[in-house]
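Going down the list, the sequences are from chains B and L. Residue numbers for the first sequence follow full-length UniProt numbering, beginning at 1 and rising by one. Residue numbers for the second sequence follow full-length UniProt numbering, beginning at 1 and rising by one.
The list makes no distinction among identical chains, and a pair is therefore deemed to hold if it is satisfied within one copy or across any two copies.
Pairs of lysine-lysine residues, derived as PhoX-like cross-links and limited to a Cα-Cα distance of at most 20 Å, are as follows: (1) Lys58 x Lys112; (2) Lys58 x Lys113; (3) Lys87 x Lys112; (4) Lys105 x Lys87; (5) Lys41 x Lys105; (6) Lys157 x Lys209; (7) Lys9 x Lys35; (8) Lys170 x Lys297; (9) Lys323 x Lys313; (10) Lys113 x Lys87; (11) Lys305 x Lys103; (12) Lys41 x Lys112; (13) Lys41 x Lys113.
What the hints contain is simulated information worked out from the structure, not anything from laboratory work. Just so it is clear, the structure is predicted and the values come from calculations on it, not from any experiment.
Protein chains: 2
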Amino acid sequence: MPSIEDVAKKAGVSVTTVSRVLNNRGYISSATREKVYQVMKEINYQPNELARSLFRKKSNLIGLIIPEIAHPFFSELTQYIEYYAFKNGYKLLLCNSEHNREKEKEYIDMLKKNQVDGIIMGSMLQETADYLELNLPLVSFDRSIADHIPLVSSDNKNGGALAAQILIGKGSRKLAFIYGGIKGYSGDLLKNKSLLAGLRYDGFTLECKRNNIPYLNYYVEIDNYSNLESTVDQIIGFFNENQNVDGIFATSDVIAACAIKALSKMKIKIPESVKIVGYDDIILASLIAPAGLTSIKQPIEEMAKQSVELIIKQINGEHIERKYILEVALMERGTT
Amino acid sequence: MPSIEDVAKKAGVSVTTVSRVLNNRGYISSATREKVYQVMKEINYQPNELARSLFRKKSNLIGLIIPEIAHPFFSELTQYIEYYAFKNGYKLLLCNSEHNREKEKEYIDMLKKNQVDGIIMGSMLQETADYLELNLPLVSFDRSIADHIPLVSSDNKNGGALAAQILIGKGSRKLAFIYGGIKGYSGDLLKNKSLLAGLRYDGFTLECKRNNIPYLNYYVEIDNYSNLESTVDQIIGFFNENQNVDGIFATSDVIAACAIKALSKMKIKIPESVKIVGYDDIILASLIAPAGLTSIKQPIEEMAKQSVELIIKQINGEHIERKYILEVALMERGTT
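Isolated chain B, as found in the complex (with noise of 0.2 Å):
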């Protein structure tokens, strides 16, 4: 590959009088601008972005750290944040933490010493939020992990509230609402106000009140999004525990799945007698029943875009608020 040392000596310039012209500084003839410009495109030569990257501070990557590239929530959100990034002029580098501390922290340092112009931090852990002291543009989506960080989220309350009333609206009478995590997450995930969890569980269980229908919740371990047989053996098991329950709240379409295919291993119809609704509304949300699953929608490219460009507008120096809340939508399908 040709380097910046064959197009100064094929152009008859100094390597610094190239550098000039391919940044764009200091004071450079228009006649020595062009002979530079032919030679490059005479010996093909690719300007070594790194070496750019470094003169002018800035890299045009943005870190984008997720949980679980393989779950449809992340891998949805992700085609639009690399579809704005694109857009642009921002490269994405992928960090899939896997939900482990350790990768999470790892990640983090790595993209410092890579220099990148900003990270966008889905589901962040507390203990990574304390660890991470950046001087870096931030944006984190679906939880409020610190205060100094922008949030990007959905009303998970009213979500909440929404899937209750389509599920009390349609009949039920005894609700559960079925929320999951990776193993080591433990049960308080409802109480700590700043997870989308326990925003959605509060929405519901206000809208439950409101009404005077009586509400479980049953927390599901996922193993690994990948073997989901054990989440569907444990709502089997919650199931054969609560024969009356006839409405569920599931906080995400893949554990809605999960309940749907354990009602229908029991045999119970649905919705006839068990009243479904999921929360994301991913793409395959109308392709999972039958009929297809209600699900509360979660405005995924809104929360994109506007994570690209709260990035984008602290590189730029710019003012942002410090929460973005967008709105959900109730999906009505065949499982209510």
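Since the structure of chain B is provided, determine the placement of chain L on it from the hints.
Frame of chain B, contents of chain L only:
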């Protein structure tokens, strides 16, 4: 943020010396080395990875070009590619081409300029392969686009044969091969044996002929992955015109899910009246139909592992083969 100059000044050495310590090059006394490390720690100096990459001529970046991260096959593959890349000390630049030639080319230019150490290419377009004259470690998966690019693929031909076998074995007597492409692709997909659909069709038709079972093929145009309603409607149209078809092999689980939805809208029973086999065995396959979707499992983790290993072997100058064809397996569930 403290700079290398700050470290040099405080340690009483030259910048070159600090750089040598960082890069472990040239003779440095252990006293000097210790002093430099101590100062770095004291002032919390973060070595600039960009500068080090430039020095070492190695970025530890792998570029991953895929058409659509929101598609479950690609998000699951990416999850594993990230896992094996991270394990080997590499970071991933995610390039989502959106099936767009221009974007694909722009990304390749970007990856060259950013001096990635290698590129893993999922489903690259032929035109791009011609454009792609790189002195870089490359791996292509699932598509044999050019003779000089190492290929990792699953055994698509055998996958097609397995699908026909299970359908025929379970009693289907008129089969349909339903395949799809993003708008702009054309119907000759089946004739091009370098494409996965062509190979799957090959295995499928050979098995049908061997058993004297008639078959059709039907091409569905996919507007984009996030809007599958039109795909469902096209399949309804196909069934209205071909009411004697009683076995379907869909070339992806997503298309199979669309077929299930189409049949359920038409009140046609699965598997009693029509049997369905998908392809990929995405995580949600077991949750798509009430009793799960029968599918041909691609060895997604193995394909990812092999791709990363082939990039690393090329970086290390080791010998590699031209083709790695990995085995598929039938996952029998409720739709057959």
